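*Asks:* Residues per chain are reported as follows:
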Amino acid sequence: MSVLQKSLHPDEKVKAGKIGSTLTKAGLAVAVVFLGLSIVLAATSSPGAGHASKWSRFFHSYVIGWSYIFSISVGMLWIVMLHHLVRGRWVTAVRRICEAMAGAFPIIFIAGLGFIIPLLAGYQDLYYWAHPDAHNHELNHHLAHKFGWLDPTFFAIRYVIYGVIFSGLAWYFSKKSREQDESGDPKISETLRIASGPAMIIYALATCFLSFDILMSIAPKWFSTIYGVNFWGSACVGAFSALALIVLGIQRSGRLVHSVTAEHYHDIGKWMFAFTFFWAYTAFSQFMLQWYGNMPEETFWYKYRMFGEWKWVSILMLVGFWAFPFVILMSRWTKRIVPSLVFFAVWQLVFHWLDLYWNVMPSYQWQMTYHDGVAINAGPLTGNPALHHVGFTAVDVTVWLGLVGVLLIGIGRNLKGNLIPVKDPTLPLSLAHEVQ
Amino acid sequence: MSNAHDHHEDDQTQGPATYGDGELYGVLAEYDTPGELIDAARKVRDAGYTDFDCYSPFPVHGIDEAMGIKRTILPLIVFGGGCAGLLGGIFLQWWMNAYNWPWNIAGKPAWSIPANVPIAFEATILFAVFASFFGMWILNKLPQVWHPFFRSDRFARVTDDAFVLGIEARDRHFDREATVKLLKDAGAIDVENVYYETDPARKQMPKWITAFIVASTAFALIPFAIAAKARNSHSNKPHIHIFADMDFQPKYKSDQAMDLFADGRANRGQIDGTVARGHLNADDVLFRGLNGGEWALEFPKAVEVNEALAKRGQERFNIYCAPCHGYDGRGNGSIPQRVAAGGGAWAAQDLVKPAGSAVQMPNGQLFNTISNGFNTMPGYAAQITPADRWAIVLYVRALQRSQNASQTDVPADKQDSIR
Amino acid sequence: MESPHDEAGKAREAFRGVTRDVAWVAEAPKPHKAWLAALGIALLMLGWGVISIYHLVTTGIGVWGNSNTVGWAWDITNFVWWIGIGHAGTLISAVLYLTRQTWRVSINRAAEAMTIFAVMCALLFPLLHTGRPWFAWWMLPHPNDMGMWPQFRSPLMWDVFAVSTYATTSILFWFMGLVPDLATFRDRAALRGDKIRAVIYGLLSLGWRGSARNWHRYERAYLILAGLATPLVFSVHSVVSFDFATSQLPGWHTTIFPPYFVAGAIFSGFAMVLTLMLPLRHLFNLKHIIKEEHIEAMCKILLATGMMVGLAYATEFFIAWYSGSLYEKFAFINRAFGPFWWSYFAMIACNVLIPQAFWSRRIRRAPVIIFILCIFVNIGMWFERFVIIATSLARSFLPANWSYYTPTRWDVGLFVGTLGLFFTLFLLFFRYVPVIAMSEVKGAMPEAHAGGSKGSKGGHH
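Residue numbers (the numbering used here), protein chains in the order written: chain A, 65 to 500; chain B, -2 to 416; chain C, -16 to 444.
Since the hints were derived computationally from the structure, they do not count as laboratory data.
A quick note: this is a predicted structure, and the numbers were derived from the prediction, not measured.
C-beta: ideal position from N, C-alpha, C; glycine also.
Heads up, a few of these hints could be off.
Using 20 Å as the maximum straight-line C-alpha spacing, the simulated SDA-like pairs for lysine to any residue come out as follows [claimed, not checked]: (1) B/Lys200 to C/Ile183; (2) B/Lys105 to A/Phe371; (3) B/Lys105 to A/Asn358; (4) B/Lys204 to C/Ile183; (5) C/Lys283 to A/Gly152; (6) A/Lys334 to A/Ser395; (7) B/Lys234 to B/Ile223; (8) A/Lys367 to A/Leu451; (9) A/Lys334 to C/Pro214; (10) C/Lys178 to B/Arg151; (11) B/Lys350 to B/Gln311; (12) B/Lys178 to B/Arg39; (13) C/Lys283 to C/Thr82; (14) C/Lys178 to B/Val142; (15) A/Lys210 to C/Gly307; (16) B/Lys200 to C/Thr82; (17) A/Lys487 to A/Val321; (18) C/Lys(-7) to B/Arg151; (19) B/Lys226 to C/Pro126; (20) B/Lys105 to B/Ile87; (21) A/Lys480 to A/Trp235; (22) B/Lys200 to C/Lys178; (23) A/Lys77 to A/Lys334; (24) A/Lys70 to C/Tyr415.
If you want a taste of the chain C side facing chain B, the calculated C-beta under 10 Å gives, among others [stated by the list, open to error]: (25) Gly130; (26) Leu336; (27) Ala340; (28) Arg348; (29) Pro390.
Taking beta-carbon pairs under 8 Å as the criterion, some of the chain C residues facing chain A (in silico) [to be verified]: (30) Pro124; (31) His125; (32) Asn127; (33) Thr298; (34) Ser306; (35) Tyr310.
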């Protein structure tokens, strides 16, 4: 327990000023350019990989990119709530920025309508369970009972519920925190602490079920109970990496230069390290258990990721998302020196995207099959793995970048007023924070 | 170990030495608070002293810097230990399970990398822990159960509530007056001289400790000695059975002798005049291919002859019969081919040649051959159910027909597809 | 107006107070009556266990209720239960250290001891359930004339390595923390003239003298060990969960087992820590060191981990339906409505419902209620493992093999025996070993930073 306290430096610039709108404008530009480019690329492409529609690749990339920006905010919402729950101290100096990042949920969920509305309108080349051939009982009798749950309307309703939950939670914690800027009332911290308990429970359920819905159901015959936890682990790696970059960017603009120190970056780096390990732990558990049990209803998902073209992507994930950052981030110094931290933050942000890509894209190729002499679409992850070919296209990246632009819009909109909770009772402790 | 009487003088004069004090080892200065200890340490370091140390009941934060203690290399040793554990764990499992004596366990690859991760992980941690634990003690040069400063009673309070700074006399800058002055100016509430022990009786380890160590080491080696002797000796005596009823269980196994019965067997076999439920197998045609003692000409009534049966027969034929008889039934399956490739000759029966026995024989006899074998062909009754054997019979007939067909045999509506 | 010297005097008196309060437990000439009574009961329980072990080893596993297909029952339930309990100790030592929760210093010594004793109790079960435990040394790879090596692909082998690494690390970590306090005992004994104790504590404390140079490396090693123990704790219970999850049995084969088991272990471990600490702090006047806030913090951790376990239940249930596997669905319905329904409801009541009481601050500050609730939590966690193991095995794939399981008195006797072993060891520890980490408590006190021109930075976190 550090007994040291420090007050806010008298010259410290805490007001966001123009930085929010700058970020929003930049985000808007990025989003328009890259999403526009993506639409052009998709429109000028041709259908393939078992899809009747040429937009299927675009929508698959959209789901990946959307999950990516969702995951950044979801990780930040978690640290905000955790901080209140355990009466944390060091986060306070950067918590307002975390709140701003979590506050992007409304924009994120609006952007998500980009794939939800087509789904509701009957688009059948994104989620196989929305395709008529999925209802072929002989071919897909393991899907039959799920159609009550995996139904476009119910799916969209759940999507809205998730949107309300996450936006509501983020808004609540942010609003109360800003109230405290005015009044300095310590009771607000207590209120938030009490609220964070039930909030965590709702958060956990919503995150798990959202990942089951949006990501796991891309391969609707597959299932894994740890999937939600694994997604959340990967999300937090990305979220903390993004936090490091955004805080650095804010400091570059001359704000909060005294308040956020190498000590805070060290701790952000520690969270990056811890979650890198946690992701590897959950990912390995999922893989090893399904590999060991060797049950075809589970292993088929991994079959396409262990053999054929995705084999190298899997190995790259192991080395790049876990082994390399893990070994290097173990050392104290790599977390405290800015260029090193920036390098790993960017690195992990890219690999976190690759993780989501690896989760979704192998299911892009749908195989046609013959059943009683009639051609039927058997859906994702069927057929010979040696013939499984998804490849890599520009759309995969442009959609991602476009949606990152959307995230920046969402964050920028929340960067206003004080960039630090000026009257939070734990702020003096956070400012004096030192890692031992 | 235990303390000697103490020297409580504030000045530097030596008190009367009951046990005989030797040379001056060093001085101890006591401070009131951790903060003062840190300040004093800084001053001592700035004055150029190197052979000094601070003693406290808990680690005082900030003192490392004040004393100029360099960061320890322990983390590197631990990293090395961890790497050794990782490589060792992987190598151990690879060598033992994939190289030296590979087993097929559930069809997993000989080197089952995912299955080796948990143990490799634990080995990494274990070795890192050993490196950390033993490395730390070794770097600290502990155990070192005796230290000259233990002669001071004040020093005994270091593990309770005292904050003490000790400077050794062998330090280059040590001077009886100047050093004490420095310590007092830094705020010492007391400074004390500590001398080497000279009483030879007190300088040696008590005999009973030595005896204890020797005795316990000897005792600890006894099991190893017994094991070594046992491994290197021979005995005519039977094994010792601690749990005789576990090693010689009062039960009979299938093929053992038992003199209670006239035939001397423990296995009583099937009881005469009885049939197990579901094993009557009354239908001669179905189970034996016989109709009134002769080979059945037709298919049994229990089996419906249709296209599904033929397809089933095809599937079963391809599994059980094709390896020898070939997919076309002509007798050149992969096993005869393999034998031929090795320079031998071993032909399987051609099932489809018009003059062959397989074409001539009745269905029941064909069934019987599948069930019980013929010459070098084993019987498949244990592997293929009767219904499936009839399916194979049907398929063999289909093969015989198809392999000997001519174009005119093809139905009119399919003539086009064979052009 | 107090002089700095007086203040310093008060600070030093506070340090001496900590030493005295902890040391008197070990130095009191006559043990407390309650301690003797408890030891007596524990020894009786241990005795029953010894008899059970003797009967088991000489007759065979048939004396237990295990059968075909319920090949694992109380034996493995108890194994997992004990290991789980042990995890709280490492969590308190290592994870709370890494997250700078200084309140851990009042309980970490006892918690670490609890870990070691729990692991000892746990290890008895896999050893004995083999039937011929004298062959157990074959699990360690060694050259032999058959050229035979262990089968490392088996999760049961992973258990051997994981649990022995865990036991070793726990012992080393605990011992390392003990050394400065053993040195305190040594010096007190020496000053008192108690030669025997001075020698014993002296040898055990390795000659520790509180040197700052030694403290530097010691602190570094402590941090490193804490950093190593954290993934170790996760890995050990994950490996234990792999015993089940790598199989193909419905209800066992599910990917969430590793983190779910770890959360459950922490849950039951903290409950056991509280079960032990609450009476002991009362009987031995340690309430000013093991404070109400610390107890409250532990209750909150209980609630949090209980909720994680609940989340795992909910996820398993949902995915059992979602998967469409007839056997998986049946396994979960069978748990709630099959022959072992009573154990399932005991589990839900104790693990999900009862911990909800900890939302209330009043309950978190009521030691007697907490004590009772924690016993229920431990019972609930025992039932959780029983539900997973016995229920799934009693209704496996072939209906012809469906059976029921009833424990025999030897099952019960062995379990009671391990409880006896645990409590005996813990009571002996309490009497003869410094039960609170004196050096760490002193380092965490505000007086530890006092004085001097700048004061000292930070704290012994």
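*Asks:* Decide, hint by hint, whether the structure agrees.
*Replies:* Hint check results:
no.	hint	result
1	B/Lys200 to C/Ile183	18 Å, holds
2	B/Lys105 to A/Phe371	16 Å, holds
3	B/Lys105 to A/Asn358	9 Å, holds
4	B/Lys204 to C/Ile183	15 Å, holds
5	C/Lys283 to A/Gly152	15 Å, holds
6	A/Lys334 to A/Ser395	10 Å, holds
7	B/Lys234 to B/Ile223	17 Å, holds
8	A/Lys367 to A/Leu451	12 Å, holds
9	A/Lys334 to C/Pro214	14 Å, holds
10	C/Lys178 to B/Arg151	18 Å, holds
11	B/Lys350 to B/Gln311	18 Å, holds
12	B/Lys178 to B/Arg39	15 Å, holds
13	C/Lys283 to C/Thr82	16 Å, holds
14	C/Lys178 to B/Val142	15 Å, holds
15	A/Lys210 to C/Gly307	8 Å, holds
16	B/Lys200 to C/Thr82	46 Å, violated
17	A/Lys487 to A/Val321	18 Å, holds
18	C/Lys(-7) to B/Arg151	18 Å, holds
19	B/Lys226 to C/Pro126	17 Å, holds
20	B/Lys105 to B/Ile87	17 Å, holds
21	A/Lys480 to A/Trp235	14 Å, holds
22	B/Lys200 to C/Lys178	16 Å, holds
23	A/Lys77 to A/Lys334	27 Å, violated
24	A/Lys70 to C/Tyr415	44 Å, violated
25	Gly130	6 Å, holds
26	Leu336	34 Å, violated
27	Ala340	37 Å, violated
28	Arg348	30 Å, violated
29	Pro390	22 Å, violated
30	Pro124	21 Å, violated
31	His125	26 Å, violated
32	Asn127	28 Å, violated
33	Thr298	5 Å, holds
34	Ser306	5 Å, holds
35	Tyr310	11 Å, violated
The structure fails to meet hints 16, 23, 24, 26, 27, 28, 29, 30, 31, 32, 35 from the earlier list, while all remaining hints are met.
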